[in-house]
Every structure is written in structure tokens, then in C-alpha cells.
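*Asks:* These are the residues of each chain, in order.
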Amino acid sequence: MSTESDSSNIERLVEAGLIDEESLIPDAHASFLNDDLSADEVDALISILQKLDKAKIPVVQNPYYACIPIY
Amino acid sequence: VHTDLLARSASARLRGKIDLALPAYGAPLAHLLERPDIRELFPRCLVVSYHTSRSMVPLMEAALGHALELAPGDPVAASLAAYLARHIPEERHHPEHGGAVLDDLSALGLDPDEVRALPGTPQIDSLVAAELAWFRNDHPVAILGYLELEAHVADRRTVELLIERTRYPRAAFGQLLLHSRLDPVHAKELHRVLDALPLEEWHERLIGLSALRAITLITDAFVDAIVDGGVAAPLTPPTALAPAQGELTSGVITTDQQLLGL
Numbered sequence: 001m002s003t004e005s006d007s008s009n010i011e012r013l014v015e016a017g018l019i020d021e022e023s024l025i026p027d028a029h030a031s032f033l034n035d036d037l038s039a040d041e042v043d044a045l046i047s048i049l050q051k052l053d054k055a056k057i058p059v060v061q062n063p064y065y066a067c068i069p070i071y
Numbered sequence: 072v073h074t075d076l077l078a079r080s081a082s083a084r085l086r087g088k089i090d091l092a093l094p095a096y097g098a099p100l101a102h103l104l105e106r107p108d109i110r111e112l113f114p115r116c117l118v119v120s121y122h123t124s125r126s127m128v129p130l131m132e133a134a135l136g137h138a139l140e141l142a143p144g145d146p147v148a149a150s151l152a153a154y155l156a157r158h159i160p161e162e163r164h165h166p167e168h169g170g171a172v173l174d175d176l177s178a179l180g181l182d183p184d185e186v187r188a189l190p191g192t193p194q195i196d197s198l199v200a201a202e203l204a205w206f207r208n209d210h211p212v213a214i215l216g217y218l219e220l221e222a223h224v225a226d227r228r229t230v231e232l233l234i235e236r237t238r239y240p241r242a243a244f245g246q247l248l249l250h251s252r253l254d255p256v257h258a259k260e261l262h263r264v265l266d267a268l269p270l271e272e273w274h275e276r277l278i279g280l281s282a283l284r285a286i287t288l289i290t291d292a293f294v295d296a297i298v299d300g301g302v303a304a305p306l307t308p309p310t311a312l313a314p315a316q317g318e319l320t321s322g323v324i325t326t327d328q329q330l331l332g333l
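Keeping their order, the protein sequence lines are chains A and B.
Each step along the first sequence adds one to the number in our numbering, with nothing skipped, and position 37 is 37.
Heads up: take any position in the second sequence, counting from 1, add 71, and you land on our numbering.
If you're looking for bench data, these hints aren't it; they were derived computationally from the structure.
Glycine included, every Cβ here is placed at the ideal spot set by N, Cα and C.
Hints are supplied without guarantee of correctness; some may be wrong.
FRET-style restraints, in silico, Cβ to Cβ [what the hints assert, rightly or not]:
#1 D182/B x A16/A: 39 to 45 Å
#2 L189/B x Q61/A: 32 to 38 Å
#3 E111/B x D35/A: 31 to 37 Å
#4 G245/B x K56/A: 30 to 36 Å
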């Protein structure tokens with residue numbers, strides 16, 4: 001797994017629009033991001049956002065819209 | 072931000088990671104529902120589902136095999152093996168791997184043999200390869216990240232909207248309808264298992280990476296199916312299949328707003 005520093009995870013997630021501004025992240029959530037989320041996981045998230053943007057497919061916030069069942 | 076994050080259980084932490092990805096994961100289906108050519112695109116998306124479906128039980132069996140090997144000296148592997156031994160039979164919906172999705176594709180007018188003969192979806196092949204590598208090199212508990220997707224399937228109302236918009240017969244949505252009912256139950260059981268396993272930090276990182284990789288690659292595959300047809304592009308779209316009349320909804324649900332619970 002990647003060895004990038006945890007603090008850069010939050011910066012990259014904010015930049016990608018996956019989470020709110022860094023200053024608005026509660027301490028508990030920041031701890032979760034810093035302690036549990038690897039840089040590889042951040043890479044995976046950002047890559048799909050780039051793919052959707054290139055395809056001009058907007059992301060959604062409605063949790064009822066999930067992906068097509070897979071099995 | 073998922074409020075369960077504060078609970079700090081393994082399943083809550085995993086759901087927190089998944090929450091970050093849901094806006095992307097839900098995008099292809101939301102986009103599909105708005106496309107005027109949804110009747111052409113939906114079968115191509117279902118081919119991606121078929122390729123995923125046909126690999127799932129063999130993948131879980133591979134994880135079970137690795138878990139059984141590790142089980143004598145590894146309590147996580149031992150509990151994982153017990154869970155997979157229970158869960159694998161629940162996912163056998165047809166004698167042929169992926170056969171239940173093939174039945175749905177047949178209801179769309181596609182020839183099952185033509186679907187079987189298609190090349191595999193590259194992203195699904197990559198996902199299977201990644202999972203197998205994790206089983207072999209790290210730990211078979213990685214499979215639980217992939218299985219977390221059972222907590223994020225299209226719900227019944229969304230499937231009904233899909234039926235309405237595509238105007239395909241309900242017989243083509245057998246697996247979608249079934250999983251809208253079964254997978255939330257499976258997800259609860261998975262979360263119970265996650266919280267009962269004696270997971271260490273590296274196990275949780277592996278499970279999270281597996282879940283996010285699955286979301287990334289499956290979303291990627293559906294985007295390709297929508298944009299250029301994916302590997303199913305050579306198939307003849309079932310244009311001859313007449314729109315189903317009188318079976319679009321049960322009559323109970325009548326508007327998009329009701330279907331989505333808005």
C-alpha cells in the first residue's frame with residue numbers, strides 16, 4: 001500500500017470535491033480520514049471521478065440511486 | 072459524513088469509506104435513467120452485471136479456500152470461512168454461474184450463447200485479478216470489501232422506475248428485483264460478521280481498499296457500457312422487442328416522485 005502521508009489524503013479529497021472544505025471536517029471525521037483511509041483508496045476514488053467527468057456523467061447524492069446489482 | 076463513523080465499529084468505518092464513493096457509484100444508473108436511448112443502453116449494462124455475476128461465486132470459493140488454509144492459526148480466517156460457507160449457497164441463484172442474469176438478458180431478446188461468447192469486461196477481469204492477488208498475498212478477508220456492495224444496490228422503487236423508463240418486460244428484471252429484496256438482508260449479516268471478526272488495522276485497510284477498488288472498477292465498467300457500449304457493443308440491440316404495455320407498474324406507484332420517495 002502507498003506510504004503517502006495521511007494529511008495529504010484530506011487535501012486531495014477536498015480538492016476532488018469528495019468531502020467538504022477541510023476547515024469544516026469534524027475532528028472525529030478527520031481522524032477517520034487520517035487513520036483509516038490509505039492513499040491508495042484516495043487514488044481509487046479520484047480516478048473514478050475523473051472518469052465520470054470525462055464521460056460528462058454527473059455524480060449524484062441520492063442514495064436510492066445505487067449501481068445496478070452485480071450478482 | 073456518515074453519522075455511524077462516530078460509532079467506530081469496523082462496519083461503520085467501512086460504511087464511512089463507501090459513503091465517500093457513493094456519489095460516483097450511483098452516477099451511471101442515475102444517468103442511464105435520464106437517457107432517451109435507455110432501451111439500447113440497458114442490455115449493455117446488464118452484460119456488465121452478467122460478467123460480474125458469473126465471477127462472484129468462484130471468487131468467494133477462492134476466498135473460502137484460502138481462509139480454510141489459514142484457519143488453524145488465524146481466527147479472522149476461521150470466522151471468514153464459516154461466514155463464506157454459509158453465504159456462498161445464498162448466492163447460487165442458478166446452476167450456471169451468472170445464469171440468472173443470462174435469463175434476464177434472454178427476456179430482453181438477446182441470445183444467451185452470443186452473450187456467453189462476448190469477451191469479458193476488462194474492469195471486471197481486473198477486479199477479479201486484484202481480489203485473487205489480495206487473497207494470495209495479503210488475506211482472503213479482502214472479499215468482505217467487495218461484498219459490502221450488497222449494501223448499496225438499487226432499491227425496489229428505483230428498479231420500478233427502470234422498468235417504467237425502459238418499457239421492457241418485468242421478466243428482464245428478475246435479478247434486479249430479487250437483489251433489491253435480498254441484498255439489504257445480506258448486508259446486515261455482513262455488517263454483523265465484520266463487527267464480530269477480530270480485525271486488526273491492516274485487515275480493515277485491506278477491506279476498505281477492496282471495497283473502493285470494486286466501486287471504482289464497476290463504475291468504470293458501467294460508464295464504458297453507457298458511453299460506447301462496452302464489450303456488448305457488437306450485440307444487436309433488441310429493438311424488435313416491443314415495449315411492454317400494461318405491466319409498467321403495479322398501479323400503486325404512479326409517478327417518478329413516488330418511485331423515488333421524494
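*Asks:* Check the structure against each numbered hint from earlier and tell me which ones fail, lowest number first.
*Replies:* Hint check: 3 fails alone, others pass.
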